[in-house]
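Starting from the two chains in their separate frames, assemble the complex, guided by the hints.
First to last, the protein sequences are chains A and B.
My numbering applies: residue 32 is where the first sequence begins, and numbers increase by one.
My numbering applies: residue 143 is where the second sequence begins, and numbers increase by one.
To be clear, the hints were calculated from the coordinates, so they are not data collected in a lab.
Among the clues, some could well be false.
Only some residues are given here: those of chain A computed to face chain B with a beta carbon under 8 Å [claimed, not checked]: (1) V176; (2) G180; (3) L182; (4) Q192; (5) G197; (6) G280; (7) A281.
The C-beta atom is built at its ideal place from N, Cα and C for all residues, glycine as well.
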Amino acid sequence: MKFLAARRRQPVVALAMLLFALVAVGGLYAAAGTVRPAEAAGAASSETQVEMGKQLYLEGCSSCHSLQAQGSTAGPTLIGVGAAAVDFQVSTGRMPLAAPGVQSVAGPPKYNEEDTAALAAYVASLAPGPAIPSAEQVDFASADVAEGGVLFRVNCQQCHQAAGQGGALTQGKYAPSLMGATPTQMYEAMVTGPESMPVFSDATLPEEDKKAIMAYVDHLQNASDPGGLSLGRLGPVTEGLFLWTAVFGALIAVAVWIGIKAR
Amino acid sequence: MSTTNSAAANPIPASPIEAAGGGVATYVDQRVGSNKFLGRTLGKVFPDHWSFMLGEIALYSFLVVLLSGVYLTLFYKPSMVEVIYNGSYVPLKGIEMSEAYASTLDISFDVRGGLLIRQMHHWSALIFIAAIAVHMFRVFFTGAFRKPREFNWILGVGLATLALAAGFSGYSLPDDLLSGTGLQIARGIVQSIPIVGTWGAFLLFGSEFPGTDFISRLYGIHILLVPGLILALVSVHLMLVWTQKHTQFPGPGRTNNNVVGYPLMPVYMAKAGGFFFIVFGICTLIAGLVTINPIWLFGPYTPDQVSAGSQPDWYIGWLDGALRIMPNLESYLFGYTISWNILIPAVIMPGIVFTALAFYPFLEAWITGDKREHHLLDRPRNNPTRTGIGVMAITFYGLLWIGGGNDIIATSFNLTINSITWFLRIAVFVLPPIAFLVTKRICLALQRRDRDKLLHGYETGRVLRLPHGEFIEVHETINYKEMAVITSKSDIAPLPAPVKVDADGVANRKYWIQSLRAKLSNFFYADNISKPTAAEIEAAQHHLDHGAALEAPLHAYEDADEIRNAHGGVLHHPGMANTNAEQLAGRSDR
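With the rest of the complex left out, here is chain B (with noise of 0.2 Å):
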């Protein structure tokens, strides 16, 4: 980033190389004015923690996935058009079929490179929501969405439901068999929704089902609409993180104030840039090792067919378990049948999931009060009910997804489908309520442990006996680094129970409301164990130096080999064995 100036005035001359690229950067500058923005950028901080890639694998993955889809579009025809199949796959040469799946199985059998680029394509799309998952339990658990990140959350959500939206739209765009009935099931949701619900469907598909134009409206949708909202969104979301910084964990001279990590420029880069190569390398690689998706077994979509072990792809695997494993509910009300069975699962139950998911943020801050901002993570431990709530959800959602594979899982480990469906019926209901209580504890418990190590040390094993009989064990204060990560602990009040009636004897009109965000906030912070306090802590350390001082003379001792063996410190010598032997052999004798 040499500049005119300083190059002019530097006294040491520059290498050729550094010459060139002061000289092209001179001439960048003199006509974009590049160098300011540069300047700033490629010097900006990053906190450093493994975590903080899992965005990056659904940002890299969602390129691969970019490339690969423009490849497949040259190819790729959009169009429910019957032709008679007459490419390179012989069970299935002279079949009529869809110009979309014709077109599908050529990229697959006669396109050059079009099976590994296909495969591709679909395998970094499962990797790419699957990172998004994973990036939100991180940004979740750590209390990474509080304030003032609360809409990068949102946009977060967005995105993630976009990538469903995008997964969903290219799963069905090969008009094989297994997609079409997955279209047929997302029609049949559409029409589940009470009044609006057939008329949403025929907007949709533009007919019965599945009619002739569905293939290629969901086309615009799969390339054009919903990658481009995704790239705007992620512009936003990476800007946001940009101008708001990088959350860090608790750590040696982290704080609310600061990023303590390394420039983006060459560390990030390098990191950055090398992990791009290595996340398109295991995408290039699993595709061409591992088949993803093979249409050509599933044959072409005709509406009165169906295989056994038809299932989505794994992001819309929870949605297909809920379906499955709901009973049979219907009702008949005014003239119209509302289908609870397909309303509840596939509409409600995903409508409340991601509001819930979206809204939570705003929910915690109101619940708890806390309006400050928030730059250093939270450890999970140190907000037991939060993580409790994130995991309560994970269980959810895992059996849910058991439920979609539950045909799958029923051939394969010997078991009734019928069971798992009524086990899951019971367990989606008994399951998390348990998962969240046990996490709950678990966090407590760790809490304890962390106050513990505060207040007592570790316990080093060392046991001493003190002139006077007394044994005790040697406990050692924590290192610095675990003192800073464990005292990074903040802790929150729960809010005090409104009162009905103040003194004055007016009454108090938002006492319910007030009532019930003190009961969450309760059910939050009520159980919370509290950090020690400096004094406490102070307390704590003088009595680990009291430990350490009884112990101070030992290693005096045995530090001292010599003097340890002249006084006969050696427990075991060579000839202790035999001596027992001796004593022994002599008892039995008598």
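Just chain A, with the same shape it has in the complex (with noise of 0.2 Å):
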């Protein structure tokens, strides 16, 4: 105690003080803020879910989306669209948009799962639209794989590419890859149509159709590949590629090395 109390008029005491009262009052703060959801969600109640969707809402989007979610010239109205779209834009990190662009860029989530939870419960409860599926209807464990197959070449092919690995579409615009889709996400792009994509409504492909699609994209995710290197699933243009350079340079290097040593 001496120690310290020699010390105590000593110009570094008041900048430890100050640093410490600091620390104290963040890390409370910040222990309160994370409480916070946590009760929320544990309360569980749909109503406080909605008016917690709603505060998100405010903040995170009706900038583009207006206060009413009627949409403005930045971005279109959320009335109706229903909870699937939300669920679909928001866990893939579509939204919030990231810049203006010709199509919203997947990439990591920026709200958590309650957060989306309440986003989605939130436009919900603006106008009856697509629900997120429930754990059954996006349970494939029963579909046929060879069915799902022929689906996914009659319906998504064309713009997501046989092995499921994207493809172009005009102007910069383009169908991502399903490489890292989940069976929900699939099942509410089908339903929502989310960019370029048409609506796969339940009339157009039964939930059975459906699930029989993410039985065939959830082989394609996991499936190996029998033939060795599979360069990236996208037929002659990288098979052309990987010739001309690995396979080409290995035998020109092999005939030059042969030229010279007869030298």
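Right, here's the structure in full:
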């Protein structure tokens, strides 16, 4: 104690006290802040969830979609798009939009699951629309993969490519790769038709067909490549690139080597 | 190659192996008369250069294609009969498909070694065509197509065309969605030919697309007709190489009338044999490690489906690219639709390209009026216009090639497909001429460099101060090898402009054609940097000798280390840095 008392009037003490105070206040604030949504989710009342979603909406979305969610020149109306659209856009990181462009780019999600659910609940409360699919709706365990393959080739591959690697559309738009898509996201994309994608309602693709497609995409995501290195499953372009770089590089290197040896 | 006579006359007793070999040779010789032929053949000399092996890559990969193809024919069924797939690839189980596709799936998943052989077949086919292309580059840029080898060049162009036909017909056989898409485009191209197009398409396919005949027809073309023709042409191609002897690069002792190199036996037997196994090995290695044409991902062909990113194999990519970037032109004449948007990029353009390719040797010979035989290769720089034309053609091809992969490029590099298309539409006309000019200027600059080397030697980097204070850099004569290479250049003078009316007042009836020829000849050779004359080289040599003479005392001086040290020639000694530091310290104190 004598050690501290002797030094209590040193200039550095003031700095240390200030630092301690800042850390203490900040730490308490952070602790209180992280506790709040957990409590809200724990309460799980849909009304508070909608209320919380509205709050998040006003903070993060209303600048483009407007305060009443009826849309503006910067973003479309969200009335009637349903929880499925919100869950798809937010959980894939497409919304909130990182930057204006030809289409929103997928990335790490900016909202956690609770906040995403709250946003979805709020938008769903505005008008009826496609709901987030239940666990049963995206359970494709019993679906027919081969049938899914046929449906995929008829409905999906003209944009997403035969192996689901994605493809180019006009003016810089593109159909994204499906390699990271979850069954829920696939379902939501099919029922809401994000970006250039058409809507595949239950009248076009019944639930069973949707499951079959999910099963096929799941197969594409997890299947190994029996032929060896896949070259991105992009077809003859990457095969040609590999041929002219690696294979021909090796062949010409050998030719040069044999040519040099005889000198 | 010891014959009975020489063995009997040989005073040194032959080893048992030699005796046995001689015995076999004698036995065969007495029945087929082979010794004389072999004696002549095995001693044949070939020149040495790595670029002479590019054609070998084509030959060897073709052998791999043949061998692996034979294995595939044992299991492939060229039939468009619809069957229900029941093989071991689950995601296609129970799906209706043609027997051709089902049997290709069986080869891939249920035949032992089938997938490896299929991938070997496909990879080595790609290597085959690429090797032909690279081999043609070498022949073109070195002028190896010149007299007397024009026919062999034409044979080569024929082989390249047949290789494309072999590749495309094989690509189409599995009857998967990707290849079916390609076939549909091919049919569209045939249909675009005015008047005969529709008839031609029906003749080929036997019915509306896709029909039920085409795969079996294609099979006959792919395994019999095209490879048979390729084998026949390859034989003639090689026989011509044999009888005309191989060209060689310029070098010491190499002239237009000799071949400097090594004999076939044993040097090229070992080299070529070894190279064959290396090519075979690379084909096998790639086939074992890297997927090609995963037809199971594409699904069976049905005309109502198409996948994003559908592309042909690399060698058809440039034609696909031409189709992709072509603006949508169509006209309606006399009740018929003329689809210029298909006709120009897919029929007329490749027609012009292949015709120009085949007739280039004759064209160049006519323009230059060069009727000499050439067995010594040109260095690409020594014919700047030809080299420029080659690079121009490669640039054109490369741009169309990019067009063929425009969608993959767009998604891979975050570009828009429309911008790529518009860039290419302009670039195919702008960039090739620029490539020509740049290449030609580089070649001419290299010619100047060569002339400079002959006249002024090479710069040694040794700067010499002469007693009167002048500084010179010592130049030295280039070595005899480089000298031989550079002096191999043969200058061709551009043709003079023809006279319109001769001295007797008779009009020159061939004026226009002669004038065109003279203009083209000037285009080829007007800005050639002529090789220095012998007198010029000799004068230059005197100059170089003079420089060397100036330096000679210095050499003697440098060689005598003890003298140099005695005269304070060492610039840095351990105490020096300290001295400087002390001086500086003293200055700052002041």
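Q.
Need the list of violated hint numbers for this structure, in ascending order.
A. Hints 3, 6 contradicted; others consistent.
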